[in-house]
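Colleague: Below are the chains, spelled out letter by letter.
2 protein chains.
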Amino acid sequence: MANIIDPFGESEVSDYSHLFKEFGLSPLKPLLAKIKNPSFTMKRGILFAHRDFDKFLAAAKAGKKVAVMSGIKPTGKFHLGSKMTAEDIIYFQKEFKAKVFYCIADLEAYFDNGVSLEDSRATAVDNVADLLALGLDEKKAYIYKQSNELDVLRLAQLFAKKVTTNMMKAIYGQKDIGLYNAALIQAGDITLPQTEKFGGPKQVLVPVGVDQDPHMRLVRDLTKRLDRKLFLPASTYHKFFRNLEGESKMSKRKPLAMLTMSDSKSELKAKIVNALTGGRDTAEEQRKLGGQPDKCVIFELLAYHFQPDNKKLAGRRSRCESGKMLCGQCKEEVLEIIGDRLKVHQAKKAKLLKKAKKIVENA
Amino acid sequence: MANIIDPFGESEVSDYSHLFKEFGLSPLKPLLAKIKNPSFTMKRGILFAHRDFDKFLAAAKAGKKVAVMSGIKPTGKFHLGSKMTAEDIIYFQKEFKAKVFYCIADLEAYFDNGVSLEDSRATAVDNVADLLALGLDEKKAYIYKQSNELDVLRLAQLFAKKVTTNMMKAIYGQKDIGLYNAALIQAGDITLPQTEKFGGPKQVLVPVGVDQDPHMRLVRDLTKRLDRKLFLPASTYHKFFRNLEGESKMSKRKPLAMLTMSDSKSELKAKIVNALTGGRDTAEEQRKLGGQPDKCVIFELLAYHFQPDNKKLAGRRSRCESGKMLCGQCKEEVLEIIGDRLKVHQAKKAKLLKKAKKIVENA
Chain B
1 MANIIDPFGE
11 SEVSDYSHLF
21 KEFGLSPLKP
31 LLAKIKNPSF
41 TMKRGILFAH
51 RDFDKFLAAA
61 KAGKKVAVMS
71 GIKPTGKFHL
81 GSKMTAEDII
91 YFQKEFKAKV
101 FYCIADLEAY
111 FDNGVSLEDS
121 RATAVDNVAD
131 LLALGLDEKK
141 AYIYKQSNEL
151 DVLRLAQLFA
161 KKVTTNMMKA
171 IYGQKDIGLY
181 NAALIQAGDI
191 TLPQTEKFGG
201 PKQVLVPVGV
211 DQDPHMRLVR
221 DLTKRLDRKL
231 FLPASTYHKF
241 FRNLEGESKM
251 SKRKPLAMLT
261 MSDSKSELKA
271 KIVNALTGGR
281 DTAEEQRKLG
291 GQPDKCVIFE
301 LLAYHFQPDN
311 KKLAGRRSRC
321 ESGKMLCGQC
331 KEEVLEIIGD
341 RLKVHQAKKA
351 KLLKKAKKIV
361 ENA
Chain R
1 MANIIDPFGE
11 SEVSDYSHLF
21 KEFGLSPLKP
31 LLAKIKNPSF
41 TMKRGILFAH
51 RDFDKFLAAA
61 KAGKKVAVMS
71 GIKPTGKFHL
81 GSKMTAEDII
91 YFQKEFKAKV
101 FYCIADLEAY
111 FDNGVSLEDS
121 RATAVDNVAD
131 LLALGLDEKK
141 AYIYKQSNEL
151 DVLRLAQLFA
161 KKVTTNMMKA
171 IYGQKDIGLY
181 NAALIQAGDI
191 TLPQTEKFGG
201 PKQVLVPVGV
211 DQDPHMRLVR
221 DLTKRLDRKL
231 FLPASTYHKF
241 FRNLEGESKM
251 SKRKPLAMLT
261 MSDSKSELKA
271 KIVNALTGGR
281 DTAEEQRKLG
291 GQPDKCVIFE
301 LLAYHFQPDN
311 KKLAGRRSRC
321 ESGKMLCGQC
331 KEEVLEIIGD
341 RLKVHQAKKA
351 KLLKKAKKIV
361 ENA
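First to last, the protein sequences are chains B and R. Each residue of the first sequence is one higher than the last, beginning at 1 in our numbering. Each residue of the second sequence is one higher than the last, beginning at 1 in our numbering.
Chain B on its own, in the form it takes in the complex (with noise of 0.2 Å):
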């Protein structure tokens, strides 16, 4: 278990318990009572700790204004990880009536893959193509390009003065100046909601990996130290899911080792034949132990993305516990399920790619 969580990289959190110590997260059970329609994620505990989300709540539950906020860096197919935050704002747009802002981090792209801002369009335009897809409602929602938007670019710079080279470097390691200006355009994206074009202050929600809490401390820093009269960001946190390798998190850097939403059958095939599985040595060895679903990628990936129905979860768990269900039987079974899923997902993203590119033209 590493227990640095950096932002950049691909860090594992195993033990998430030290979170909530450590650095002040509060976990998100206490509060499943109080939501009306909690998301399967809520209620599995994957969306599992936050930061203000009570104020949040109660906000939304009082009728004020509220902003949920993300963002996706266009360098390439949106993963399972891109889709778990988006699904997750979509909900939040849905529940609790906020109104969505959408970041297409264009300069990130720019600084962290050396994508220039004319190239990252073609992905943004797949990408908004996946969310609208996912179910996002456009005319709720605010979509704009990192590098087009005055009042981001302007907040960036406002929140450069509040920051030495030592505290970038304590959260971020050493980088250069390009690094540490997407972390504080990302804080410009985060403080966005709260400019005076979009009504002034208002409780903003930004749901992300727990990865990502550094920046969020960053934010809510920086936040006070701007303007008292702006909210604090809140924000929730679901837990890492690992790559098909059962590796860490799942990452654009291997691409192999991740599902995309854009993936062909075939594509989805190779990758579930190859994934770790909680399987035993031998067929025979696995028929009198039971599998491990604990251990597998396979069960994971139902679990994280693609199985909201506990039901239909628990009796795969058993069968495979039980021994009576072998590997190879699962991944074709799941192959189906994922690749239906994956099919109509696709079939609705064709149709949404001419609205997805006015969107990004517009953007």
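Bear in mind the hints are in silico, worked out from the structure with no lab data behind them. Hints are not guaranteed to be accurate.
Copies of the same chain look alike in the list, so a pair counts if it works inside one copy or between any two.
[As the list claims (entries may be wrong)] Only pairs whose alpha carbons sit at most 27 Å apart, straight line, appear in this in silico BS3-like list of lysine-lysine:
hint, residue 1, residue 2
1, Lys311, Lys197
2, Lys61, Lys202
3, Lys343, Lys354
4, Lys331, Lys61
5, Lys224, Lys175
6, Lys162, Lys175
7, Lys348, Lys162
8, Lys162, Lys229
Start from chain B and add chain R according to the hints.
Modeller: The following block gives chain R in isolation, referenced to the frame of chain B:
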């Protein structure tokens, strides 16, 4: 003699010849014959060096669109350094039909002096009124606030990717991110005239003090690496002039040792009375040996700023050197000359404050 050029500090460069050899500045003198109406600072060798000014000259002569850019950090009254640069840009606006880009460097004021964007506005209005009173034709100028110019902020980020912390440290010393960003924003300002919004690539001239050359070298390097289609910005350099104590360059950091265009007659008098001259220890000695105008700040004030008439300047020199005129009498006369000039300027300016306010509001 200090031979480090420090754009953030107040170093003294009394020997300029090494600038030609070491840094590749070119002397302006050989170009003088090609300039139809050279300014008095050109003729006197105050505006003494350049980079690529020959190219700017050729483009302007060929009837191509050219631009001249400068700016002011809105943190105080318009002093003689601001005046000299302003007169340069007004000269290029008139003589070369150059479109003027004039930047209100509110973000630089924020980084460098901790002045908020809101608080710098009133100062900006005052400064812009000075600029208009000096003769800027605002109809042929684009006056803007740094914090409000999307292209400038975007360019600053694009440039940020091209620098390393070590590069910035080598030029500006160990500073925090904000001050490095201020330099990158300035690079954005200098590049703005070449953006699509303003008709694309063109020759841009930046008249600066010679201490600003490290900036210019950085901007030229960044320009090259950003986009080969852009022209490298050209620059002209004026020599330092001393403060009223005869030290280093005139600076806002020592307000009583510099003149501003807003000085009242009594402020002016106090400053002139206390200014360093080239006088001798006793009146008797001075009558015998004569004064030393080349050591005298008062004489420099006339030569650099307030006496464009060569004959009158030569007359004063000879009265001083002959010992006929002592410092007291000279100071009285100069007080009249500068006092009259400021009075005329301040009267013009008073009528232009309303217009300046409107310009800054819309900038």
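Colleague: Would you pick out the hints that fail for this structure and give their numbers low to high?
Modeller: Violated: hints 1, 4, 7.
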